[in-house]
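*Asks:* These protein sequences, in sequence, are chains A and B. Per UniProt numbering, numbering of the first sequence is gapless, rising by one per residue and ending at 325. Per UniProt numbering, numbering of the second sequence is gapless, rising by one per residue and ending at 325.
Derived from the structure by calculation, the hints contain no laboratory data. Among the hints, a few may not be true.
A pair holds if it fits inside one copy or across any two, identical chains being indistinguishable in the list.
[To be verified] In the DSSO-like style, the derived pairs of lysine-lysine whose C-alpha atoms are separated by at most 27 Å in a straight line are:
{"#": "1", "residue 1": "Lys25", "residue 2": "Lys39"}
{"#": "2", "residue 1": "Lys226", "residue 2": "Lys25"}
{"#": "3", "residue 1": "Lys188", "residue 2": "Lys39"}
{"#": "4", "residue 1": "Lys25", "residue 2": "Lys188"}
{"#": "5", "residue 1": "Lys39", "residue 2": "Lys226"}
2 protein chains.
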Amino acid sequence: MVCGEFELIARYFDRAAGSRRDVEKGIGDDCALLNVPEKQTLAISTDTLVEGIHFLRDIHPADLGYKALAANLSDLAAMGADPAWLTLALTLPQINEDWLRDFSDSLFELMDYFGVQLIGGDTTRGPLSMTLGIHGLIPTGRALKRSGARPGDWIYVTGTLGDSAAGLALLQHHQRLNDPVSNEALIKRHLRPMPRILQGQALRGLASAAIDISDGLLADLGHILKASDCGASLNLDALPISDTLQAHFSREQQISWALHGGEDYELCFTVPEVNRGALDVALSHSGVPYTCIGQMRAAAEGVTLLRDGQLVSSGKKGFDHFAGK
Amino acid sequence: MVCGEFELIARYFDRAAGSRRDVEKGIGDDCALLNVPEKQTLAISTDTLVEGIHFLRDIHPADLGYKALAANLSDLAAMGADPAWLTLALTLPQINEDWLRDFSDSLFELMDYFGVQLIGGDTTRGPLSMTLGIHGLIPTGRALKRSGARPGDWIYVTGTLGDSAAGLALLQHHQRLNDPVSNEALIKRHLRPMPRILQGQALRGLASAAIDISDGLLADLGHILKASDCGASLNLDALPISDTLQAHFSREQQISWALHGGEDYELCFTVPEVNRGALDVALSHSGVPYTCIGQMRAAAEGVTLLRDGQLVSSGKKGFDHFAGK
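Just chain A, same shape as in the assembly:
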């Protein structure tokens, strides 16, 4: 892009709001300069979103700005980190000021909510895509990893599962539920997921392992099982399903979306028996429900899914992850 275009874009992203004391130099030099406080560990995650693959072509830029950051923040939530700094590399096919305003306003609103400061990035011309680099801080030694679960630990999830997949299906098929409130609720769960930052922080020292549910419960729990070398038994009757999903879709559809639907951005975590009481204290004030859905097993026991007390199996991808272990 020519120089003037860059300066135009920079206007939308160079905002004073949310300036943090640990940022010695933000945008405007060859590098940003950051001071990590003593006894804090830095957590970094990178996400790329490409039009037509990670988001629908007709998505509103305000929804895109929100969701790109929310998905990136969700990785910090899964580690129990406190969000701090963002880098944004944005590739745009052309300059559209309305688009830039809506996208950046929404992005900055969520950044401000979590105290995140934009510290740098890059703007280039090309097919619409973006790469976000989120940086968070965790008291040293207290990060939630995927690898700490042990047989006997209880498996939990925050919130409800499957709503985002339902919302996506409504958008993709241009369908509407006959109840507009339910319709909007499910679409909002897809477009505006709330990263479980506070819940992740509350789980430090209590959960033995954690992950965020971006690819579907079974696929993501599979990562915990692999990293922790465990099996698991899940009680499908315990899966937390929203009233909205229950009211409008078959039980089979609910369970399928809950197990395999992606982009819920809830946390899946494991808790040793000894910590269950403390867990109730820690999460009861977080404003989000949490549900025990199963228990970790020895790796040799593999994975079992129980429904109405009966063993069921699934041929879907997430289950294949399990079965392939």
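Once you've looked at the hints, dock chain B against the given chain A.
*Replies:* Frame of chain A, contents of chain B only:
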């Protein structure tokens, strides 16, 4: 991409080589976990490269892997930082194993040379592009910024200028010099620039401001002038021009490329009179020449370019940056 393709790609980038003690967790969890040593400040820079815009469509993947990282490292050099960790977000139109091997081998060779560890990233399907996030460390308070120059400080550059632009011109126009050694030398300067990491570190505490020359000397020095609120006088007769460039191109072409040609990835820096002796000690062992090309002036004096003792002006973009101040 389907799961198997991701695992294929991961094989090329998940290498044990170069594991650093400050990396608590690299690739394989929701976030990487890094421990910044005490009294060190973190420096972060992000670069996006899009095919057809930042690199030629027929570039060899080994050259691309090298240059993408070299350009990113050059931003650390400009701050005087020690390279530490890299994130790589790679978007590929399809899986080509030969391409992946050549690209990643070359990338890892340069990472190993500078002790950099790959700590995460993302791989997606789409038009070829990549975003690199480089992280370096600097003793707190010793970073080289653009904003520290004062009138009277001397202006220096490392190495020689204009070679990269000459190499690009040869590649773009499919021309060859009649001397194959010169031909290869200029193309190599374009495809394989050496980031001036050691020189940047040697300048800590000596240079009052620094920047790397990615957009051309005049454009990049312009950033120092703006950030430091200064003017400058440059002696064009002092510009360091390689013997190769002198042997094959007109004096006008040499000066034009030296002033306006991009991607030299040399450092431009300013040094107060009192530090000039120490500078000679610090840089004399660095293996790269350095040249005084002018002096900082008060902002009110603007920018003057002198050639054969005469005032000259330039209508090119870099100079417009100056003139517009």
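*Asks:* State for each hint whether it applies.
*Replies:* Outcome of the hint check:
In this assembly of identical chains, Lys25 and Lys39 lie within 27 Å of each other by CA distance both inside one copy and across copies; the values are 21 Å within and 16 Å between. For the homomeric pair Lys226 and Lys25, the shortest alpha-carbon distance between copies (16 Å) is at most 27 Å, but the shortest distance inside one copy (40 Å) is not. With identical chains, the CA atoms of Lys188 and Lys39 are never at most 27 Å apart, being 38 Å at best within one copy and 44 Å at best between copies. When the C-alpha separation of Lys25 and Lys188 is checked against a cutoff of 27 Å, the pair qualifies neither within a copy, at 36 Å, nor between copies, at 34 Å.
Taking the shortest alpha-carbon separations for Lys39 and Lys226, neither the intra-copy value of 30 Å nor the inter-copy value of 37 Å comes in at or below 27 Å.
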